[in-house]
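J.: Okay, here's what each chain looks like letter by letter:
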Amino acid sequence: MMRWSDLPALLAFCLLLVGGQAQARLYDDVVASGYVRVGVYRDFPPYSYLKDGKPAGVDVELGQAIADELGVDLQLHWITPDETLEDDLRNSVWKGHYLDKDEENPLALRNVADVMLRVPYDRDYAYKRDSLGLLINERVVMMSPYHQERWQLAFDSEKLESVRTLAKFQYHPIGVEIDSLPAFYLTSALQGRMRDNTHHYNNPRLAFDAMKQGKVSAVMAMRSEIDWLLNEEGGERYRRAENGFPDMGKQAWDIGIAVGEGDRDVGYAVETVFDRMIRDGSMAALFARYGLTYEKPSLYLATH
Amino acid sequence: MKRLGLSTGFAVTALVAAMSTANVAQAGVTDEDILNDHMTTDDVVSNGLGVQGQRFSPLAKLNTKNVQELRPVWSFSFGGEKQRGQESQPLVKDGVMYVTGSYSRVFAIDVKTGEEIWEYNARLPDGIMPCCDVINRGVALYDDLVIFGTLDAKLVALNKDTGKTVWKKTVSDYQEGYSLTAAPLIVKGKVITGVSGGEFGVVGKVEAYDAKTGDLVWTRPTVEGHMGYVYKDGKKVENGISGGKPGQTWPGDLWKTGGAATWLGGYYDPDTDSIFIGTGNPAPWNSHMRPGDNLFSSSRLAIDPDDGKIKWHFQTTPHDGWDFDGVNELISFDYKEGGKTVKAAATADRNGFFYVLNRENGDFIRGFPFVDKVSWAKGLDKNGRPIYIEENRPGNPAAAEKGSTVVAQPSFLGGKNWMPMAYSQDTGYFYVPSNEWAMDIWNEPVNYKKGAAYLGAGFTIHPTNDEYIGVLRAIDPKSGKEVWRYENYAPLWGGVLATAGNLVFTGNPEGYLMAFDAKSGEMVYKFNTGSGIVGSPITWEMDGEQYVSVVSGWGGAVPLWGGEVAKRVKHLNQGGSVWTFKLPASAEMASK
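Chains as they are written, first to last, in the working numbering: chain G, 542 to 845; chain A, 3 to 594.
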């Protein structure tokens with residue numbers, strides 16, 4: 542089922558007044574409480590995942606950097622992704638999830654993150670309006686871009702000599718994550734000529750495993766995911782492709798944070814840390830530790 | 003169990019035990035009870051008031067002459083903070099009502115007093131994200147068990163007297179996107195269940211479990227290419243691939259994740275010994291990714307209750323591109339034509355067409371629009387297949403630009419959604435709760451999912467009339483004519499009940515339980531229950547008096563959707579209660 546989850550802002554606002562809803566904590570409350578709650582996606586390497594039972598990943602380490610800056614402890618708010626980012630922002634930043642209820646303490650506020658990471662930084666998205674002309678995401682502020690992400694292919698060099706264009710996948714199988722843009726693209730772009738060779742997996746790791754088992758000759762996913770998989774695998778057999786993605790709308794996008802609309806000060810504190818890390822190279826070094834290519838968000842490219 | 007003080011809980015239980023021994027009938031519910039449910043008036047032991055799901059009661063004590071005297075006798079609150087979408091149909095057996103509330107709760111209520119006997123709250127896992135809201139549509143009864151499905155996709159059987167768990171089985175992994183919301187069906191000692199789940203590449207299935215033990219008996223996937231199994235002496239035995247083999251109506255490997263969730267459950271027709279169950283839309287939602295009919299999505303299936311084999315299928319929306327789930331109920335009924343009895347079945351689809359099928363073989367008999375306008379098809383061909391208007395198919399989001407807006411009518415919430423219609427054996431009409439709305443749908447290149455660029459479709463639903471969205475229709479399945487209609491400002495989202503008293507009951511989001519003259523459509527009764535009605539009413543008799551019960555509590559899918567429709571429902575308050583009414587014997591006598 543498709544879902545139309547954009548409650549008009551007015552309705553959303555009314556709901557918020559009903560009570561039992563979450564409220565973003567203000568900067569002073571965060572500092573006074575001794576912890577900051579940072580939202581990261583669950584089971585999502587190389588950004589945020591568990592390694593030997595311990596939280597790991599680029600976003601988890603950035604959460605620690607935020608906590609250090611504020612002089613508080615890090616508390617992770619693991620996010621199970623919903624269908625779209627709008628749902629995640631509602632569930633994890635401004636309203637809380639409707640199932641998150643405390644039976645013993647019904648007046649308790651729902652858990653939300655003080656800061657959510659890995660939120661695209663895109664003006665068109667942030668100011669998107671619904672059919673009534675109301676801002677869809679007016680209860681959150683998207684700010685502090687820290688990374689630029691794009692699509693990438695990896696291929697099995699024993700199956701394919703090289704991948705310079707996507708034409709190869711009219712003849713060779715390729716693995717993608719189900720219900721992702723690569724899945725859309727490979728099954729419908731170029732008159733659907735790659736459709737029959739597109740194999741769907743629950744995540745890029747499973748697609749990569751399928752490549753290692755010889756079931757597919759290539760995998761398409763986000764560049765950080767591909768970089769991390771290749772880095773974990775090591776060796777020369779699996780390689781980055783050099784192809785482009787013709788007719789694809791959005792080839793690269795910036796990643797930043799989201800905070801509650803009434804709570805920008807926490808966002809400014811994050812911006813201070815991230816800006817320093819980007820300028821002094823420690824952001825790139827952090828990505829490199831996970832074997833990832835680091836590309837600065839477009840804001841920085843324009844001002845240098 | 004609800005956290006009552008131990009002494010209180012014990013006192014209540016003891017009281018019930020005392021009352022129970024005073025009552026005569028204490029035997030558990032049998033297959034025969036369930037098969038005869040449409041004829042027995044002193045209980046309601048199946049979803050649909052009979053396994054065929056006609057929702058027709060032969061009771062006539064309450065009728066158009068005396069319905070004004072119908073009066074509430076008690077109201078029971080589900081309590082707590084959880085007041086969201088009460089879509090349940092109560093069951094009644096031996097003086098006890100069994101009803102579910104949202105968030106996977108079950109209540110046993112003394113029908114004489116409205117007092118709670120026991121309550122079961124399923125412990126849901128932390129971080130669960132059920133696909134399809136938190137509603138539940140009711141329990142099944144078998145032997146001394148009360149059986150229902152939970153949001154974390156488990157079947158739970160409770161002891162009918164204590165509410166204690168007897169068995170619990172995982173139907174599917176909730177972490178993979180599955181859930182259970184439908185009322186289970188009992189056929190020949192087996193619990194028949196489908197699965198809910200719309201995204202994440204789920205595959206629909208129908209399963210049978212031994213009602214007494216919870217052991218899996220057979221499983222039947224509803225997407226072409228997947229193997230079905232029967233279980234014999236604990237061994238899993240292959241029982242044929244659904245549709246024969248993969249790849250006939252799906253490109254590439256998309257059949258592996260093809261959707262077609264069986265989220266509304268099914269009904270059983272003893273005449274043909276078939277389970278009738280519908281399937282949801284195919285995945286992924288963008289139809290341009292999956293040329294082909296995409297079987298068995300958006301279809302009705304006739305399934306052999308003994309081993310789960312698909313006997314026949316009828317696909318209402320081949321190659322769906324509008325999210326027209328095919329889950330709506332297929333209701334068995336017989337009619338006379340040229341002196342012969344036709345064993346038919348009817349369904350009012352999301353897509354706006356009403357279909358009459360031969361229930362012995364699935365052949366199309368006739369079909370016609372039951373809504374005022376259908377924008378996506380010119381009509382049906384001689385086999386019942388829609389004649390598409392290609393330019394009204396939503397565009398391909400993989401095209402980089404924001405495509406043109408397509409108007410689809412009905413909207414994806416359907417000419418009729420989940421809410422079950424009723425069939426009157428007296429009038430020969432179906433009473434169909436329907437809605438008049440359209441959607442604009444367009445490609446949306448600026449979208450994100452889990453930190454990645456994503457191609458979405460934007461859509462908004464709008465009413466097609468200023469005065470009403472909901473329309474309760476009396477439809478003659480033989481002529482295709484609408485005999486009467488009742489128009490409702492807010493969308494209709496509750497089930498319908500027809501009775502031999504020439505009455506048709508349904509509820510509306512404004513909170514009213516309403517009764518209509520089954521022949522004329524005149525509204526002859528209404529009572530406001532305090533919150534919107536999105537459940538299905540029942541009727542039965544006790545101590546010589548006729549009772550009516552309905553669950554009240556606004557919610558379900560409608561308030562989740564924005565746009566113009568939200569304006570019509572945003573002032574409606576949530577709730578969670580059961581209302582029970584009766585016609586006092588004195589009023590019945592007076593009306594004679």
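Be a bit skeptical, because a hint or two may be false.
The list that follows gives simulated cross-link-like pairs (lysine to aspartate or glutamate, EDC-like), each with its CA atoms no further than 20 Å apart [said to hold, decoys possible]:
id : chain 1 : residue 1 : chain 2 : residue 2
1  : A       : K452      : G       : D584
2  : A       : K452      : G       : D628
3  : A       : K234      : A       : E178
4  : A       : K569      : G       : D671
Source of the hints: derived by calculation from the structure; they are not laboratory data.
J.: Does each hint hold? Answer for all of them.
T.: Comparing the hints with the structure gives:
{"no.": "1", "hint": "A:K452 / G:D584", "verdict": "holds (11 Å)"}
{"no.": "2", "hint": "A:K452 / G:D628", "verdict": "holds (10 Å)"}
{"no.": "3", "hint": "A:K234 / A:E178", "verdict": "violated (27 Å)"}
{"no.": "4", "hint": "A:K569 / G:D671", "verdict": "holds (14 Å)"}
Violated hint: 3 only; the structure is consistent with all others.
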